[in-house]
Structures are given as C-alpha cells and as structure tokens.
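K.L.:
The primary structure of each chain is shown beneath.
Number of protein chains: 4
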Amino acid sequence: MANKKFTIGLLTSGGDSPGMNPCIRAVVRAAASHDAQVIGIMDGYEGLINGEFRPLGPRDVGGIMQRGGTILQTRRSKRFMEKTYQREAIRNMNSAGMDGLIVIGGEGSLKGAHALAEQGIKVVGIPGSIDNDIWGTDMAIGVDTAMNTIMDAIDKLRDTASSHGRAFLVEVMGRGCGYLAVLAGIVSGAEMVITPESPVTVEEVAKAVEDAYLRGKRHAIIIVAEGASLKVVDLARAMDEMDVGFTTRVTILGHIQRGGSPTAFERMLATRMGVKAVEALVSGQTDVMAALQGRTMGLVPLTEVTNKTRSINPEYFEMAHILSR
Amino acid sequence: MANKKFTIGLLTSGGDSPGMNPCIRAVVRAAASHDAQVIGIMDGYEGLINGEFRPLGPRDVGGIMQRGGTILQTRRSKRFMEKTYQREAIRNMNSAGMDGLIVIGGEGSLKGAHALAEQGIKVVGIPGSIDNDIWGTDMAIGVDTAMNTIMDAIDKLRDTASSHGRAFLVEVMGRGCGYLAVLAGIVSGAEMVITPESPVTVEEVAKAVEDAYLRGKRHAIIIVAEGASLKVVDLARAMDEMDVGFTTRVTILGHIQRGGSPTAFERMLATRMGVKAVEALVSGQTDVMAALQGRTMGLVPLTEVTNKTRSINPEYFEMAHILSR
Amino acid sequence: MANKKFTIGLLTSGGDSPGMNPCIRAVVRAAASHDAQVIGIMDGYEGLINGEFRPLGPRDVGGIMQRGGTILQTRRSKRFMEKTYQREAIRNMNSAGMDGLIVIGGEGSLKGAHALAEQGIKVVGIPGSIDNDIWGTDMAIGVDTAMNTIMDAIDKLRDTASSHGRAFLVEVMGRGCGYLAVLAGIVSGAEMVITPESPVTVEEVAKAVEDAYLRGKRHAIIIVAEGASLKVVDLARAMDEMDVGFTTRVTILGHIQRGGSPTAFERMLATRMGVKAVEALVSGQTDVMAALQGRTMGLVPLTEVTNKTRSINPEYFEMAHILSR
Amino acid sequence: MANKKFTIGLLTSGGDSPGMNPCIRAVVRAAASHDAQVIGIMDGYEGLINGEFRPLGPRDVGGIMQRGGTILQTRRSKRFMEKTYQREAIRNMNSAGMDGLIVIGGEGSLKGAHALAEQGIKVVGIPGSIDNDIWGTDMAIGVDTAMNTIMDAIDKLRDTASSHGRAFLVEVMGRGCGYLAVLAGIVSGAEMVITPESPVTVEEVAKAVEDAYLRGKRHAIIIVAEGASLKVVDLARAMDEMDVGFTTRVTILGHIQRGGSPTAFERMLATRMGVKAVEALVSGQTDVMAALQGRTMGLVPLTEVTNKTRSINPEYFEMAHILSR
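Those protein sequence lines, which keep their order, are chains A, B, C and D.
Every letter in the first sequence is one number past the one before it in the working numbering, and letter 223, counting from 1, is 223.
To convert a position in the second sequence, counted from 1, into the working numbering, add 1000.
To convert a position in the third sequence, counted from 1, into the working numbering, add 2000.
To convert a position in the fourth sequence, counted from 1, into the working numbering, add 3000.
Read the hints as simulated data drawn from the structure, not as lab findings.
There's no promise every hint is true.
For lysine-lysine, the following DSSO-like pairs were computed, each having C-alpha atoms within a straight-line distance of at most 27 Å [claimed, not checked]: (1) D:Lys3231 x C:Lys2231; (2) D:Lys3207 x D:Lys3231; (3) C:Lys2122 x C:Lys2078; (4) B:Lys1231 x A:Lys231.
Full structure from sequences and hints, please.
P.N.:
Printed below as a string of structure tokens:
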C-alpha cells in the first residue's frame, strides 16, 4: 500500500517502574505528530512471541500519565533469549506490519532489543529501571519516583525513630547497584549507607551508630542496598549483641518502591525519552537507546549499554559521609 | 500559695503514634484556657521516675501539630510496673507541684495510669495506639493516619501487582487485633484478610487467590495482621508450591505505619481528646479515659479499659468479603 | 420473566466529591452479593432523561476505588426539577427494567430523588457533598478528603508564612455552611475562622491578627468560608490599610478541594453507605437516605433531609478559639 | 587569635523556596568538614543590617531537611540596595568575624551579593527561586518541589474537570518566566500553555479548547503563567461568552507553590549547591554562584548571573504542543 503509515511496536519489559505510562503516552502522541501509528504489545517479549497486540491511538493514552505501573503490563521472558522465540517474534512483527520497535525496560530487556536489532529489526530502547543501573544515561525511568517513595518512607521512620531513640536499618532496592541507597542516604540524612560498591564491616556500622548516639543524635538511620554483602537482618542481630546506645529495628521497603504516581521529573524524563525514541525510529536509526546526557537527550549504542557497567559518582559517597555529621 | 495555678503533668508512653503531637498541643492550650499550666514529662514513665520535667507553654507547642512522633519522646518502662518506682514517680510529681497527670498511650500505659490513680493521684488517660485495640473508644489516636499510610502503600503495590499479574501478601501491624487489617482490606480492595480473630488455612487462601485469577482479576492482594497465626513468609512459601495462577510476593510494612504527618481526622480526634482530658482533670475527675463514643467525646473508667477486650464490628468482616468480588 | 434479577439504577449528581467512585464500587459489588444487578446512568439526572445507560458488573468497577471524581460523570440538571422531564426519566427507567434507583449527591440531588419517590419510584439517596451541609448524617461523602486537601495546602502555606512573617487569608469551600472552615481552623491551627454562621467585623479580624503578632507568633492563618459575608479580597485590602504587624496574602483554594484520591475514612464511609443503600433498596425501602449516625449506619427519611438544615457542633467553634492561643 | 576558624555568614533572602532548609543544613555540615564555622543571619539582608546573628552548629540543623520554608527566615530588603546600609552590613560582618558570606536567594538577592563582593567581601551565591528564572544554572532551588505541587494540584483538578466535562484555567507562578507553566503543561497533560514568552490571543485559546472538545476529550486544562499578558479571569469571562463546548472554571494556585516538604531531587540539588558554595568560599573564591551545569556542579560569575536572562528550551514548547493531542 502506497501510503501505509509508519508503524511502531511498543512494549514494556522486565521489572515495572513508575514513569512507564507517561512514556507510553509520549510515544503514542509523538508518533501521531510524525503521522506514524503505534501498536501496543502486551506482557513484554512474551506478548511479542504470542502476538498479543492492540492498536494504541492518542485517545487510548488519555488519563494514564499519573498512574504507576504500565498499561501494557510487563513480564520477564526467559525464552526470548532463545533464537527460536526471537524468530517467532519477528514473524509476528512482520505480520502486523511493524516498521520498528520501541522497548522500555532494564538491562536484560535492552539485551533483547539489541538481539532483535542484530537480526535487522529497527529497534530503539528506553531505559526503565528504578535502580539506575543502566550505562549511558544519567537517569533511567523510575528512579526519581522510587527515590521520593524511599525518602517519604524514611521521613516517616524518622518520626518514630526520634520518639523512641532508636536505630533503623532500612533496606532499599538495588541488587548490583547502590545508587538508590547512596542518594537516599543523602536526601534522608542517614548516618550511614551500605552498598555493594563500598563494603563495610559490622564493627564499622556499630561504631557509626554509637558515634551518632554520643554526638547527641536522637536516632540513627542506616540505609542498606539490597545487594550489599551485609544483610539487614544479620546486621540487626549483631548490633543488638553489641551495645551501641540505640536499640535497633529493621525495615525492608520492598515493592512499594516500584509503585506510585510518577513525579514531575519522572513524567518529564519519560516524555522526553518517548519523543526522542520516536524521532530516532522514524528517521531510520536503530540499535540505540534514548539517554539523558546532562541537559540534553541523546542516543547511545545498545552494544555499549549492554556491555558496560554504570558506576556511581564517587562525590556522592563523600557527600553522604559529610552530611551525616 | 493561695493562687498557685492548677498544674498538669503530661506524658506520652508506649509505642508512639501519629497524633500524639496535636494532642500535646491541645492539652497545653486547653490548660491555658482553664488558667492551668502544663509540665511535660520526657520519655514516658521513665521520665516520671527520673524527674525529667520541662514546662510547656502555648508557644512551645506551636508548629508541632503537623509532625509525627511525639516531642515528649516515649519509652516502654518495665520497672514502672513495680511499686517502688511508682512511689518514686509520685514523689517527683509532688515535688514538682503536679495536681494531676494526663497519660497518652496504649493499654499498658493506661494500666500504669490506673495504678497511679489507685494511689490517689488524679489521672486521666488518652488512648494512643495505631492498632485500635483499646476498649471503650471508637478510635484511638494514630489509627486513622496508620490506615492511610497502609492504604497508600497498598495503592503503590497494586500498581506493580497489576503490571506483573502477581499476588501480594502484605503484613500490617496488629499484634492481638485485626482492626487495621480488616479496614485496610476494605479500603484497599484486598481479595482476602487474615486476622487473629478469624483464622484461615493455607488452602483457603490459595483458593481465594485462584478464584481472583479465574474471575479475571489482574492481581490479588492478601492482607495479613502481624498477630495472625499464619505468617506471611510461610504462607508465601506454601503458595509458591501450589499453583494459584499468580506468582507471590511478600511485603512487611513495618514501622512506617507509626510515622507520618497526622491526618485531619487524627488531628481533630487528638484535639478533642486533649481538650476533654483537661476539662476532666480540672473538674476533679480521675481514673478515667477520654473516649470517642459515636459523635460525642466521653469518659470511661480506666478499670474497664484495662480489663475488657475490644472486638471488631463483625459487619466489617462481612463487608471485606462482599467487596472483594 | 420469572427469574429476572432485581435491577438497580445508579447515578451521581451535583458537584462531584471524592469518594463517589468507591461508593459506586460498593453498590455494584453489594448488589452482586444480593444477586441483583446495576445499570450505571451517565451525567446524573440528565442521563436519566436522555437514557444514557450502561450495565455495571463487578469487573467494571475494579481499580476505581483510589480515583477521585466519578466514572459515571455528574452534572447539575435544572430541567429535572420540571415534572415533564421527571416523567421522561421514569419512562426510561421502566424501559430499562430498573426496580429501584440509588442517587449519590448533594441536597439538590436528594430533592430530585425525593420527587421520584413521591411518584412511586423506589429510591435511596446517599449524601455526597464536600461541604458537609446535608442534614441527617454525621458525614457526607467527600468531606474527609476535602478536609485533608485543605489541611495539606495550609501546611504548605504555613511554611512560607512562617518564613516571611505573614498573615494568610485562606478561602475554603462552603457556601451556606462553615463546617470545612471551622474544622480546617482546628486541624490547621488557624488564628481565626470566619463562617456564614458566625459573622465578624474587619476590626475583630485585625485585632486577632495583631494579637497573634504580639504574642510572638511567626505567622497568622485566617480561614474564611466561601459563603461568609466578609470576602477575602476585601478583607485583605482593609487589613493592609490598618497596621496589624504582619503583611497579608490571599489564597483561594478553589476546585482542588473537590479532587484527589479518597482517604481511608472516605473509602470506608462510601463503602458502608453503598452497602446500606443496596440493602435498603432490595428489602423494599424507599424515600430514605443512608446516613452515618455515630458509629452505626442508618436510614433517614428524604423529606426530613430536604427540609432541615444541618448545624455545626457549637463545641467546635469554641475549640477553634481555644486552640489558637 | 592564631587558630581562629574560618567563619561563614549564611542568609536566605527574597521569596522563600522549598529546599532552603536542606541547603542550610548542607552549608553547616560541609563547613564542619572543612573545620569552618557558620553564623546564621536572620531575615535576609535586613538581619545583616541589624546584626541579627546566631551560631549554627551541626546539631542545630538536625531534622530540618524535610521542612519547607527557611529556619533563617527571609525578607525582601529595599534599603539594602543603598550604599549606606551595605556599609552597615559590612561593619556587622567584620565585628562578627565573618570571613565570607553565602547568600541563598533569587535574582535580586544575588545582585545584593554581587554588590558586597565588589566592596571586597568574599561572597558565594546559591540560586533559590521556584520560577527557575536565574541565568547560569539548569535548576534553582525550589523548582522541582513547586513543579510537583503544581502537578498534584492539577491532577486533583483533572478529577473534577473530567467528572463535569469542564475547562480549567490554572494560573501558576512565574512573573517574567514561563518555565513552571511550560513544564507543568507537559507533566500535567495540559491542552495549552500560556506564557510571557509566547503570547496568544483569546481566539487561539478558545480554538484549542474547542478542538479538545471535538476530539472527544472529557476536559481541557489550560495553564497560564502569572506574568502572561492574558489574565485568567479575563480569559474565563471571554470564553464563557464564546461557546467552546466546555464550561470554564478558574484556579489560581498561589502561595501553596512555595511550600511543602522538599522533594528528593530538591534536597539533592540543595545539598550539592551548599557543599559547593562552602568549598568555593574556603578555597578563596568570590563573586560567583553555585550552578547545576548538566550533571556537574560548577561556578558562574555573579556579574553574568545578574546581567543575563534565562530562556526556556524551545524544544519544551514544541513538546507541550505535541503531547496535548
């Protein structure tokens, strides 16, 4: 057909993160402004394999901006790592007339995107991960909202910690990456931060808590990244045996960190990334990811994204330390 | 001294609950309107034993209404159960010229208040407990705020539960009392509620979750009171072994339930109770607790409060069930 | 048809209030538990006149509990006051096989409900009004959420008022009724409250503000009900001419008071009222309104609701005054 | 005295913005890590003229991070523009032994800082302004929190707008600068944005609203910057005379935009700026402002800051337009 519209497949994959919905909205509306159309793929790569498609027009994405989660649902798909299922996916994309694909997700999902690109599919990735562990972008979708959720939770814990003169060990998400923990430490005024990147001993933690007690603080907050080698429960047990001035309590924030209405920063980032991804795709680019680079929105190659490891600004560790005085 | 002012001692005791600060404010300002004065006692009964007192005037309680926790700090005091220490406390109250005492706290703290009243001290209690497990009052201070905190957390979990098609087991506070769990179940649209008062088997839970799956729901939320015989972690393990349609995740809300800025209802309740307690004390009443009774604020005897057990309106269990359809 | 299900028409009418959605959900699911079915009527009485109906099943009301507004939309309908249009409405109800009607709305909407009841239609009302101006119920749907929205806004204003040493005049909703203003005054720690029920002069306001200044307060908050005879803008102008210590700023909170995710109290109230209304209707009752009466949920005759005027507990005015010291 | 500590004066000036408190905290604690000390100056430049000083140690800034406003209070000082009063200020600084000054504030306040620097005082500025109208920094302190407050308010308005099928005209802050309006437009999904930088006619607004109506939207949100030539009230009146499909309502958000607990982004930005300003001052720099430049924290000359005008990324106007489809 001569005037068939450029057609974009769109999926969300991996762990969900707040901001995926405003990003979906931006992709759909930016596509409309390029006279392109969008087909939503349900359940991530599983839906691509199974052909669970539905058209997404500008009216279908009204009122979703303020909602957490993803209207396209998401799933982790192990079998998509296999060639057989990738071939199935490509076949489905072709039947549906998709000219390109936008994948919103974390590192594993972007690996899948890269695999498709290598087989000739035009693919643009968008980084979605509350952990902020994706190389190449200053911020991924979900980080700012998760950070605010963590901060609000710790503000609440501080109320009760102060009233009782207690130390709280707070576990936050971040399997391989302590970004959330370090920044949460700074913005929540924690006495100490424990991350995979900066291992500490039980004795060091105990000393930091005791110091806070001696300096006259009415509570101590220790933030521990999920992926740190010291586990909160073990740490609490050990500290209760020593005498550090405060009694100890544990809170594991868990999945509430993935939910909630996206913040303003999140919606803005998600929107800019969605707009950028559409522009890239309709202008013929592929195998790249939309990325926040300082104040501009750029594109980085997916091969680099999937091969390199993001590290945390060392200045932040220093800052967390200074601020806890 | 002929015109010595009526002097009220004020302490917060036991687990802290949001709303204690607006209650402190109300006691201080209501006292001023009765031309009485307030002495704040730090750290609950411990401060009464140790004589940690400080005067509290109307200006000292400005700007505390919106803050969680308690500016008087709180502590659990085991030794106050002993006569020796109660005598020490009474001696301190007399030295400081206190004509009466207001105690804001949970059941254990109100027992302590009753013990003092039996020894001739004029005491009025105010119920503070996020669990709402205190007999004689419709609501205790802290319940409404805790309920909203729980609800907000579950609203966040639902975002991620829906996006992934998952079941969430959410543990909320409530050692001997399922009030928070049942009401959270209703206001959060949970599929099932598990309380100390209404034991269920693992099989019943599994069936409820599977039913939700079969009826086409995109997630299932099960709320479990801390004091229920089934524990969330065991339940999750058991359900993963059965096949209930959804995969299962656990969240233990923990101490964030005790924090946060008090809600409007909370501030109103805390204020009315503070005003009532002062009125009672200056008019010579003792051994009673301020209590919300329908739409009026009344007084109930502390002996009854400390001997009777509050039960949950059975209509609420039914309602939680009907609403989950 | 022998086994035709009992069919309930459901509409929301008048000004929207947060909590209408959880009430809709409760009506639909409670109906299902009585083996009845629900037909949603769009746009209030306008939709009843125009026959804009859609069936509402338990799955249709999933995920609406946390959303403000009303999925059935609402409108004020002047023409429904006329017999002609009421007849049209009744005709449509009969064609659709409705056995009864539930109306969620304010005083005007409940008058409409009563008019239908007088013509033989089985009708049960549910009070929805953020102003809390409906006779017969302690609380209407929307009040608790609006109160929290107002309180949060004033907590924000206090930040800036304190930093600058300013007086703020804050207009809140309440055309004929100062309920929101008085309670907001108590829970926000306002220096003064101005309502339709308790007129004051400019001089009295100026004196209260000056007193707060002299007592060493860092700001003054004056809450003014929309329906008070003194208008915020005029008052501000007058106060700027006098010298009251603080400079004056005006904030009109406006329609944000109608929005927002319903609070826990709101969802509970809306749910209980929805369940009660369905019970009443299927058991043959008519011309009544579900009402919170202390701790129980009761029914009051619509004739009384539409003829009597709610007054505010005078104790609250006194309390607002005492607390502002 | 041989080993007198380096002493930093610290003031907040101009309109307050959320994030000033975490910035104060960061300055005090960063100073401690450089073995310097901080003297807090009350009420901005007025306090500098009047010598209202108080020492600020690490314990004095505990628990202020989550609070809006500024514990140092702020004021606009006209007389500080005069040489006489600047001389008075310098005299006070010298008596108090201040080696340098940190000023947190908007453009006017930074002009004052520059004036002092020209007279030999070592001064470092920190940009504080919810309008984001300060040249040289990507973001000023207060912007992110204000943006989230605006967004939350509009999310609430949308609830009621959707339920009634209405158009809302929302005035946000921004006297000379439409930054808040444009970004609010994007993150709130507004149909149109009206700023000082991009004037429109009443007819264009009416057309945009009517278009939204025709495209089947259930509401229309128009955001208007305070400094735009079209005023909301006039616009509303004009639109009510035309027939645009929706009826119109006006909301002026006002001073709530200045308050609220700082967001995570805000606290991080404020902290980094505070740390940077202290580093700059103790290392001998002067007449500069801490500035967010992409992902790094830099310094820009105050002469440029006070002479140049910030403009909005034109990409954002385009984006606001595309997204409203």
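K.L.:
Which of the numbered hints are not met once you compare them with the structure shown?
P.N.:
none
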